[in-house]
Amino acid sequence: MSVTIVAKKEFRDAVRSRLLLVLIAVFALFTLGGAVLVSQVGELFGLGDEAGIIGVILALQTPASVLVPLIALVVSYRSVAGERESGSAKYLLGLPHSRRDVLLGKVLGRTGVVSVAILVGFGVGIVGIVALIGSFDPLAYLGFTLVTLLLGLVWVAIGVGCSSVTRSSTRAGILGFGLLLLFWILWDVIGLALLYATDGLDRMGESIPEWYALFSSLPPGSAYGLVGSALLPTEAGFEAAGEVSIFLSPAFGALVLLFWIVVPLGVGLLVFGRSDV
Amino acid sequence: MTAIELHGVTKRFGDTVALSDLDLSVRSGEIYGFLGPNGAGKTTTIDLLLDFARPTAGEITVLGMDSGEKSVAIRERTGVLPEGFDLYDRLTGRQHLEFSIESKGADDDPDELAERVGIPDALDRKVGGYSKGMIQRLGLASALVGDPELLVLDEPSTGLDPNGAREMRDIVREEAGRGATVFFSSHILGQVEAVCDRVGILRGGELVAEDSIDALRDALRTEETFRLELDAGEGPEEGLVEPVEALSGVSTVAMENSSLVVTCASDAKPEVFRTVEREVARVEDFSLSEASLDEVFAAYTAEAGA
Numbered sequence: 001m002s003v004t005i006v007a008k009k010e011f012r013d014a015v016r017s018r019l020l021l022v023l024i025a026v027f028a029l030f031t032l033g034g035a036v037l038v039s040q041v042g043e044l045f046g047l048g049d050e051a052g053i054i055g056v057i058l059a060l061q062t063p064a065s066v067l068v069p070l071i072a073l074v075v076s077y078r079s080v081a082g083e084r085e086s087g088s089a090k091y092l093l094g095l096p097h098s099r100r101d102v103l104l105g106k107v108l109g110r111t112g113v114v115s116v117a118i119l120v121g122f123g124v125g126i127v128g129i130v131a132l133i134g135s136f137d138p139l140a141y142l143g144f145t146l147v148t149l150l151l152g153l154v155w156v157a158i159g160v161g162c163s164s165v166t167r168s169s170t171r172a173g174i175l176g177f178g179l180l181l182l183f184w185i186l187w188d189v190i191g192l193a194l195l196y197a198t199d200g201l202d203r204m205g206e207s208i209p210e211w212y213a214l215f216s217s218l219p220p221g222s223a224y225g226l227v228g229s230a231l232l233p234t235e236a237g238f239e240a241a242g243e244v245s246i247f248l249s250p251a252f253g254a255l256v257l258l259f260w261i262v263v264p265l266g267v268g269l270l271v272f273g274r275s276d277v
Numbered sequence: 001m002t003a004i005e006l007h008g009v010t011k012r013f014g015d016t017v018a019l020s021d022l023d024l025s026v027r028s029g030e031i032y033g034f035l036g037p038n039g040a041g042k043t044t045t046i047d048l049l050l051d052f053a054r055p056t057a058g059e060i061t062v063l064g065m066d067s068g069e070k071s072v073a074i075r076e077r078t079g080v081l082p083e084g085f086d087l088y089d090r091l092t093g094r095q096h097l098e099f100s101i102e103s104k105g106a107d108d109d110p111d112e113l114a115e116r117v118g119i120p121d122a123l124d125r126k127v128g129g130y131s132k133g134m135i136q137r138l139g140l141a142s143a144l145v146g147d148p149e150l151l152v153l154d155e156p157s158t159g160l161d162p163n164g165a166r167e168m169r170d171i172v173r174e175e176a177g178r179g180a181t182v183f184f185s186s187h188i189l190g191q192v193e194a195v196c197d198r199v200g201i202l203r204g205g206e207l208v209a210e211d212s213i214d215a216l217r218d219a220l221r222t223e224e225t226f227r228l229e230l231d232a233g234e235g236p237e238e239g240l241v242e243p244v245e246a247l248s249g250v251s252t253v254a255m256e257n258s259s260l261v262v263t264c265a266s267d268a269k270p271e272v273f274r275t276v277e278r279e280v281a282r283v284e285d286f287s288l289s290e291a292s293l294d295e296v297f298a299a300y301t302a303e304a305g306a
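These protein sequences, in sequence, are chains A and B.
Each residue of the first sequence is one higher than the one before, counting from 1 in the numbering used here.
Each residue of the second sequence is one higher than the one before, counting from 1 in the numbering used here.
Read the hints as simulated data drawn from the structure, not as lab findings.
Among the hints, a few may not be true.
Over the 10 Å line for every Cβ pair with chain B, so calculated as not near, a few chain A residues [to be verified]:
(1) Leu95
(2) Pro138
(3) Trp184
Covered by chain B, according to a simulated footprint, are these stretches of chain A (three or more residues, beta-carbon under 8 Å) [said to hold, decoys possible]:
(4) 9-22
(5) 78-91
All residues carry an ideal CB built from backbone N, CA and C; glycine is no exception.
Input sequences plus hints: build the corresponding full structure.
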């Protein structure tokens, strides 16, 4: 009850952000660009109408995996720290809401805002795909949309979590966007360095070491890719020769996404629950 | 029945002691003025009542419930106007009130609330365009939602002009009239004097006085400052302090140049006079001053030794 009331308020407030409108426009442009790209590539490989699911995923996954975390962080990183800075937290918590309900309500409400962005972006993308490729698989589209909404939820949870552990929204932003950079760029570099250090690089042709499979599946973006891969038909999937690590399965990806929802929120609640408003 | 009860409450921020062993009790149905200079610890006390912060030591009960464990239940029955709060720039006044009403599970009419606090025309405008005073009025309207049993108002006249402050006091009286308890903090005596049944004066994190306005006034009115101009060079003046201090009804005695300054009860004056004359000095002249309420406040809130 309390959670949904806060969620509604959060949605009303955050959806009015001008920056959000800009990001949605950029997202829509990217999905449109993705559709154009896939139509070109499809012709190149002679996929034609069979492009279907792969087309949808190729066209949407790349812009989504880059822009959804960005939009989610922009929408969420000030959510708690900003309210404590301005003093609106005193109004919010003067009303009968527990801090837990406030955090959950913020995550729900702001995930709603990110969902609007995703649906608009994907809506534009699908128009492009139908126009340029001529076919699309509604079921795959629906599944892929749901997985992407989940990614939005994950990054909103991370953003709200970061916002809950510090009084300063600047620091919350540095923390949130720092994590994004870590997962985007540094994670791969660290992984390769570790592979190199353990001589794993030489054996790459044979099989990927288990620990590396685990390591590379941990960023939310990778987990998102793993879960999304469940939507690929097996014949079109990249079935590896031999056993594929369990850490590269869609189920493990789902588990990792769950981890990235629960842990940031848990830490955020632990810290914010104990600190002075 | 007590609405608010603090027992041995201490709050430290690192090395700074904001509140020290504070005992305070507010009776159900009264308007309690929580008075003190800025930085005395008033907002800290209120933050503790609302679980915005937790006490370092001590017990706090609000409406019969523990302030930490039952905070949500307390806030369901309490209307809060915090100090230094802000609202959401992108939402309208109406959206704020709707949120407050939903949060309280109440069924108030936003238009009536806005009318009551004097911002009916601004209700559908975004709060980003509100003045300080309008934000304060909207905050008060939100505090009134659901006819709470307890109103906690922290410096409620912030940002209001004298007229607005008077309207706010009228609302406080109306709320007390329907049976609400009002806890009203201010650093301005005049804000509290006009409406409060009882006053607590906080200084440096300690409650230095707690009584009705009249009793506080009386306490200092009977305590008169008696200034005796002595004939200089006539005997050992320093020797005067002790015998005068020993008299009943005398609180303080000090030598200021050739004057003896005594604060004492009214009826102790003749005896003071006689003692001084008898002991050594001839009194050239004397003056009396009665305390105004502002002086009462100043006397209670002035830093020790000032």
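Of the numbered hints stated previously, which ones are contradicted by the structure, given in increasing order? When the structure is compared with the hints, only number 1 turns out to be violated.
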